[in-house]
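2 protein chains.
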Amino acid sequence: MVIGGDAAGMSAASQARRLKSPQELEIVAFERGNFTSFSACGIPYWVGGDVAERDDLIARTPEEHRERSIDLRMRTEVVEIDARERRVRARDLASGAEEWTAYDKLVIATGARPLRPDLPGIDALGVHGVQTLDDGQALLDTLTGTPGRRAVVIGAGYIGVEMAEALIGRGYEVTVVNRGKEPMSTLDPDMGRLVREAMTGMGITMVNDAEVTKILTADDGRARAVATEDREFPADVVVLGIGVRPETALARAAGLPLGEHGGLLTDLAMRVRGPVADGAIWAGGDCVEVLDLVSGRERHIALGTHANKHGQIIGSNVGGGYATFPGVVGTAVSKVCDLEIARTGLREKDARAAGLQYAAVTIESTSRAGYYPGAALMTVKMLAERRTGRLLGVQIVGREGAAKRVDVAAVALTARMTVEQMTALDLGYAPPFSPVWDPVLVAARKAVSAVRAGGA
Amino acid sequence: MVIGGDAAGMSAASQARRLKSPQELEIVAFERGNFTSFSACGIPYWVGGDVAERDDLIARTPEEHRERSIDLRMRTEVVEIDARERRVRARDLASGAEEWTAYDKLVIATGARPLRPDLPGIDALGVHGVQTLDDGQALLDTLTGTPGRRAVVIGAGYIGVEMAEALIGRGYEVTVVNRGKEPMSTLDPDMGRLVREAMTGMGITMVNDAEVTKILTADDGRARAVATEDREFPADVVVLGIGVRPETALARAAGLPLGEHGGLLTDLAMRVRGPVADGAIWAGGDCVEVLDLVSGRERHIALGTHANKHGQIIGSNVGGGYATFPGVVGTAVSKVCDLEIARTGLREKDARAAGLQYAAVTIESTSRAGYYPGAALMTVKMLAERRTGRLLGVQIVGREGAAKRVDVAAVALTARMTVEQMTALDLGYAPPFSPVWDPVLVAARKAVSAVRAGGA
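Line order of the protein sequences matches chains Y and W. Going by the working numbering, the first residue of the first sequence is number -17, and it counts up by one from there. Going by the working numbering, the first residue of the second sequence is number -17, and it counts up by one from there.
Chain Y with its partners taken away, still in its complex shape (with noise of 0.2 angstroms):
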């Protein structure tokens, strides 16, 4: 039995499937929404208009679903888990009727959920999240209902920066209104700074180290501006892209354990850890914590990659396989309009909080040799440990060319490769490729020389 029919739940449907006939395996599945399997991380796209149709984003239908005979039921919501009885009372949306299923093994896969502050204003009509394919379109209407041109996002995490672009893509003046000292929290804050300065670049206002307050409405009840303590600015659409919590009530109310950032806490199996589980749960996807296997620390990933690893791996454990899910190392890539943005491993403020004492080195370098068309700017930092050299992490912000090679230092980080090993590494080298030394490489070499400097 599986609660969820996206990404991470209807990835171990199917690969429980591909192990198990019907006759061996019996499949149910449980979503709440009108749609399984859909790429959330596409959503601004589709908003800016690069992908054309809203079921580009959906990779398998619940009628797809149902031809490898998956029983799944759409618009049901589980309301509760009954781990000692091992069954889940449902409620059928349309009717609002209630039954309990038995289930053997369960996966959870609740996903993650947008936070929405508590604010005034903040159901205002043309105010809106963009976490389900229902959230997009109901942005899409206002934006081609509404006269207006301009946009106000809050908040400046991969979500807030990537609908930044889907609105200049589409026209507006875009206002982004973040908390933070820079955009990008998940980088250093003086690579979120270069962030900063290519969205200004671009025509964004960037508004930073402001708390919105609440949104104004006009007398229709839509919304007309986003206010900060000292500050309104005028808004025909607000979007909220602030980030999301694992989605866990349901497995809280069952017992079932939760880690400091709310997910579910499971082994290298994605079986859910504890006596209350005892074995028959599964859990994977936005709802789960996972290992961070630089810091050795539990950390919450939204991400599609993951969801559908955990889902491989979940389905061939209850197939009847074997597989397990060693952690992640952090890596995240995003764009806005030619603006590459990548990281991976830790930040500065991540080493410190793991007792970690490191060297941070920061260059600059090209995509392509230096004189080959092209060839662009792109800057690396790179944190490595003190005395052992070891990579601890890699923010990359540049054009074209600079997301993907943090991929590079993915598999240094997995590999617990030091920066010195990481300087003799056989990078691809051509000119309309890479500088004779990649960009890393260079990095690697400036980290090593700042590991020797700092001394023992």
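It is worth saying that the hints were derived from the structure and are not from the lab. For every residue, glycine included, the Cβ atom is placed at its ideal position computed from N, Cα and C. Hints should not be assumed to be uniformly reliable.
[Unchecked claim] Under the rule of at most 25 angstroms between Cα atoms (straight-line distance), these lysine-lysine pairs were calculated in the PhoX-like manner:
(1) Lys331(W) - Lys196(W)
(2) Lys163(W) - Lys2(W)
(3) Lys87(W) - Lys2(W)
(4) Lys163(Y) - Lys331(Y)
(5) Lys2(Y) - Lys428(W)
(6) Lys428(Y) - Lys2(W)
[Unchecked claim] A partial selection of chain W residues facing chain Y, derived with a Cβ cut-off under 7 angstroms:
(7) Ala397
(8) Ala406
(9) Gly410
(10) Ala412
Chain W: place on chain Y using the hints.
Below, chain W alone, put in the same frame as chain Y:
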């Protein structure tokens, strides 16, 4: 003392100078040509017109080196190394005068020489190699001075395909005559076939399985056609792109140890092995063989990025520091127009030659989420060792975003990861940059299945 003024030699000189002042270390460098520290890899792009000026390819001029207190002697060819007496005999190419000069430490960085088959007509006007800047200028002179628009490229390796692109870019009808079954013999033939198909689609005439027997000349001494056993290909210009061999005649005559590919053999600090060198001779760049970390055997790879690393390491060691070169995994990237070609690790025939049993899989995926504009197909081939599942090699052919993805595999090879470990890699995901499963991960998943299916 340094023999050879290009990447390895001058990097070594520069790095040693960084560590030791002119009072502490005298540095003499001999270069027989007219240039120092130039990017041979950039020549195709200069010939093709992407790079405007020859001097764009020069990283550092003789004058710039001299400003750093390096006693650089241009147009001066070392004609003998006397390792026992620790001295070299050098000839001033202008005057013909020869002189012995003593050294305490010698760096051999004599590079590689292009293969030039002993064919009738090979020395005709209009037949060009592309190894040096002088070669590039001579070719450009032919291109601008000759009215015809038919070019024949002999060889379909990196140089050959890059020159095909350059000549297409200049409006030539291009024929590539290649000895192998498919172009790019650094790939397996099934991947080379994709390159052939794409090049044919670009309007390049690909002639495979063909041995050039002679170059036919016109009455004015200019090349007019390239002949194979059974055909003739009219040519207004002929470009040789057959590959290179280590330039080690001097070293051989001095009694220094050469490997099976004709390159100098060094230890991990890049010191030439054996009693003749006696610990006083270093070598790096295109004239040495390097350890292939995957097969455990020595290889010869002429590539600027290795030469720069070698120089850096030699310079550190000669300058009283300490650095080593652990070896390579054989990464190489290239392109023909918008087709990107990448490889790292072992091909099938390399694996067999190394005594390794393996599973090979091939997958197709896209560079971005399938629904995101510009998502381009790429084909990824992956080899993994039977039983252990250790990654052995990756080859990628595709469009935008294909080439540098091979870096992930290069790091994984260096870390001796298994394909199972690779399936969990935390690679950057966002719709503009990758499908939710990166193509490299899709290949790794299939390789896991193939290794399992292969049994014990």
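Each hint, compared with the structure:
1. A threshold of 25 angstroms between alpha carbons decides the hint, and for Lys331(W) with Lys196(W) the separation of about 30 angstroms lies outside it, so the pair is violated.
2. At roughly 52 angstroms between alpha-carbon atoms, Lys163(W) and Lys2(W) are farther apart than 25 angstroms, so this suggested pair is violated.
3. Taking the CA atoms of Lys87(W) and Lys2(W), the gap is near 14 angstroms; set against the 25 angstroms cutoff, the hint holds.
4. For a cut-off of 25 angstroms, the pair hint linking Lys163(Y) to Lys331(Y) stands: about 14 angstroms separates their Cα positions.
5. At roughly 19 angstroms between alpha-carbon atoms, Lys2(Y) and Lys428(W) fall within 25 angstroms of each other, so this suggested pair holds.
6. Pair hint Lys428(Y) plus Lys2(W) holds up; C-alpha atoms about 19 angstroms apart against a cutoff of 25 angstroms.
7. Interface hint at Ala397(W): satisfied, since its Cβ lies 3 angstroms from the closest Cβ of chain Y, which is below the 7 angstroms cut-off.
8. This hint holds: Ala406(W) has a C-beta 5 angstroms from the nearest C-beta of chain Y, less than the 7 angstroms allowed.
9. Against a cut-off of 7 angstroms between C-beta atoms, the interface hint on Gly410(W) holds, since the closest Cβ of chain Y lies about 4 angstroms away.
10. Annotation: interface hint on Ala412(W) holds; nearest CB of chain Y at approximately 5 angstroms, less than 7 angstroms.
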